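Asks: Work out the full structure, taking the sequences as your base and the hints as a guide.
Protein chains: 2
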Amino acid sequence: MSYLSHLEACNRFDPERFLPLRLAGRRVGFVRRDHARQLEAYPDIFRLSREAAALVDAIRTPAEATAALDEASDRLIRAGAVNARRNETFAVTDGWGGATLFEIDRGMIEFFGLRAYAVQLNGWRPGDDGPDLWIAKRAATKATFPGKLDNMVGGGIGAGYSASQTLAKEAQEEAGIPEALARRAHAAGAVRYRTEMPGGLRDEVLFVFDLETPAEFTPCNTDGEVEDFRLLSARECLRRVRKTDDFMYEINLVLIDFGLRHGLIGPEEPHYLRLVEGLRGALARGGN
Amino acid sequence: MSYLSHLEACNRFDPERFLPLRLAGRRVGFVRRDHARQLEAYPDIFRLSREAAALVDAIRTPAEATAALDEASDRLIRAGAVNARRNETFAVTDGWGGATLFEIDRGMIEFFGLRAYAVQLNGWRPGDDGPDLWIAKRAATKATFPGKLDNMVGGGIGAGYSASQTLAKEAQEEAGIPEALARRAHAAGAVRYRTEMPGGLRDEVLFVFDLETPAEFTPCNTDGEVEDFRLLSARECLRRVRKTDDFMYEINLVLIDFGLRHGLIGPEEPHYLRLVEGLRGALARGGN
Numbered sequence: 001m002s003y004l005s006h007l008e009a010c011n012r013f014d015p016e017r018f019l020p021l022r023l024a025g026r027r028v029g030f031v032r033r034d035h036a037r038q039l040e041a042y043p044d045i046f047r048l049s050r051e052a053a054a055l056v057d058a059i060r061t062p063a064e065a066t067a068a069l070d071e072a073s074d075r076l077i078r079a080g081a082v083n084a085r086r087n088e089t090f091a092v093t094d095g096w097g098g099a100t101l102f103e104i105d106r107g108m109i110e111f112f113g114l115r116a117y118a119v120q121l122n123g124w125r126p127g128d129d130g131p132d133l134w135i136a137k138r139a140a141t142k143a144t145f146p147g148k149l150d151n152m153v154g155g156g157i158g159a160g161y162s163a164s165q166t167l168a169k170e171a172q173e174e175a176g177i178p179e180a181l182a183r184r185a186h187a188a189g190a191v192r193y194r195t196e197m198p199g200g201l202r203d204e205v206l207f208v209f210d211l212e213t214p215a216e217f218t219p220c221n222t223d224g225e226v227e228d229f230r231l232l233s234a235r236e237c238l239r240r241v242r243k244t245d246d247f248m249y250e251i252n253l254v255l256i257d258f259g260l261r262h263g264l265i266g267p268e269e270p271h272y273l274r275l276v277e278g279l280r281g282a283l284a285r286g287g288n
Numbered sequence: 001m002s003y004l005s006h007l008e009a010c011n012r013f014d015p016e017r018f019l020p021l022r023l024a025g026r027r028v029g030f031v032r033r034d035h036a037r038q039l040e041a042y043p044d045i046f047r048l049s050r051e052a053a054a055l056v057d058a059i060r061t062p063a064e065a066t067a068a069l070d071e072a073s074d075r076l077i078r079a080g081a082v083n084a085r086r087n088e089t090f091a092v093t094d095g096w097g098g099a100t101l102f103e104i105d106r107g108m109i110e111f112f113g114l115r116a117y118a119v120q121l122n123g124w125r126p127g128d129d130g131p132d133l134w135i136a137k138r139a140a141t142k143a144t145f146p147g148k149l150d151n152m153v154g155g156g157i158g159a160g161y162s163a164s165q166t167l168a169k170e171a172q173e174e175a176g177i178p179e180a181l182a183r184r185a186h187a188a189g190a191v192r193y194r195t196e197m198p199g200g201l202r203d204e205v206l207f208v209f210d211l212e213t214p215a216e217f218t219p220c221n222t223d224g225e226v227e228d229f230r231l232l233s234a235r236e237c238l239r240r241v242r243k244t245d246d247f248m249y250e251i252n253l254v255l256i257d258f259g260l261r262h263g264l265i266g267p268e269e270p271h272y273l274r275l276v277e278g279l280r281g282a283l284a285r286g287g288n
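So the protein sequences, as listed, match chains A and B.
Using the numbering used here, read the first sequence as starting at 1 and increasing by one per residue.
Using the numbering used here, read the second sequence as starting at 1 and increasing by one per residue.
A couple of the hints might just be wrong.
Identical copies go unnamed one by one, so any copy, or any two together, can satisfy a pair.
Lysine to any residue pairs mimicking SDA-like chemistry, simulated, CA-CA at most 20 Å apart [as the list claims (entries may be wrong)]:
1. Lys169 <-> Gly266
2. Lys142 <-> Asn83
3. Lys169 <-> Gly263
4. Lys142 <-> Gly199
5. Lys169 <-> Thr222
Calculated from the structure, these hints are not laboratory results.
Since the model is a prediction, treat every value here as computed from it, not as a measurement.
Replies: This is the structure we're talking about:
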């Protein structure tokens, strides 16, 4: 295992196995070919060809696309193609900061291979051997990745929320961080990856924030999703990244990014540039 | 002017105007087509075609390539195609951390469009409005970009030097930073750009380091290349990046990277992702 192997594991995507999903001529997602065949049953919503799955021409405005994809979601869930709604709405935009093209339930994001945005908060404080990081252990009862090590705080950006609003909300819910402390977090960049998942494709941007936590602070989970928090030196975290799969898959990337920004991984690392660039989309296939 | 316009200005490269320079089947540089025609005069060294300028097949080993390109450099300087040697040798490698393919005088790097590596050291200390940065003003007598604002320390990585060795050497020469202080600098990532220059193509990676300087420290230039050093708030530096061309062209990128890592530019910036990715090669044309 190596740093690079985690980046590669998070960028396993064969565009040949997918069709671009188009809305009004613009690619908005990627649908796996076997999933696309299921969309043929809904010709009022989708037009399938060899090259693409497209929303039909009559669907153009955000309201029309939102309504059509909502209807499609219902049908796909009834047909058993998708598990369930998550009852949380994500906005699909024309690039980060761009206009909203439509909104859709979070449970549909992977099926349609839509770009999603999330925040990640590294909680750290000075330790004996460089920074120590607050690491969460996911509850054994979590539906996804139970028992894996996780970052202190992370969460998807829902429709209508900014990155900082999401950060403050998740910091409170996941780690009991009061708003005044969360406001001291600072943006530190972004990590991007695109990888096939059993449900389709995950195409995600993680906005990364750092927060130096005061000595008297200990995170405290309030939503039952975390078994415990422990303070691990960032060097030990990176050792585990290199040697184990203890961490949730995308958290490895967030830790590598932390190590790169804080000088724990330096240019003497042979794959240094591939890591720096690979964390920012250089390994993502299928174009922008 | 905007952050993004500086990234675009540093990634102006039309591959159609250039030929790939190949050595033993591998692309090692880009030669402008009018320059490539000058290489036709040296058929013992170069084989020109519509698609590429290649070193002849007999040249394969690093020693052979180094000797042949040294001879070509002499001829090109005599022919007036290149100004002069810089009497500093750069290693052209098979990617960062890869084997050395050949060594060549720094004065030839742009003509052949070879990948070069450099270090940049941000010297900062806590200020009233976030971090303050030590900024140099280039001497009026400098051959290139006289009077422009520059980073505290920066310099190309010569053959046989590591990034940290270059950093320590340049920190001493350019800013009088003692070795013990320079060792406290930490790696913080890399910035990459590829842009046409009057002499050819600049294809450069800047390894970025941060150094928190103690309150009693003031940089002191020892090689006569700096008129003065001043402490400017990073916010003021970024305002000048957005509004002026006060800074040397690639220093704008280094300052934007500093702003991204230190939370002075956050995800609310509309081009946030294009900046994060554009600093790591996403805007560079012509492949890897």
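Asks: Hint by hint, note whether the structure agrees.
Replies: How the hints compare with the structure:
no. : hint              : result
1   : Lys169 <-> Gly266 : between (34 Å within a copy, 17 Å between copies)
2   : Lys142 <-> Asn83  : within (16 Å within a copy, 66 Å between copies)
3   : Lys169 <-> Gly263 : between (30 Å within a copy, 19 Å between copies)
4   : Lys142 <-> Gly199 : within (18 Å within a copy, 59 Å between copies)
5   : Lys169 <-> Thr222 : within (12 Å within a copy, 51 Å between copies)
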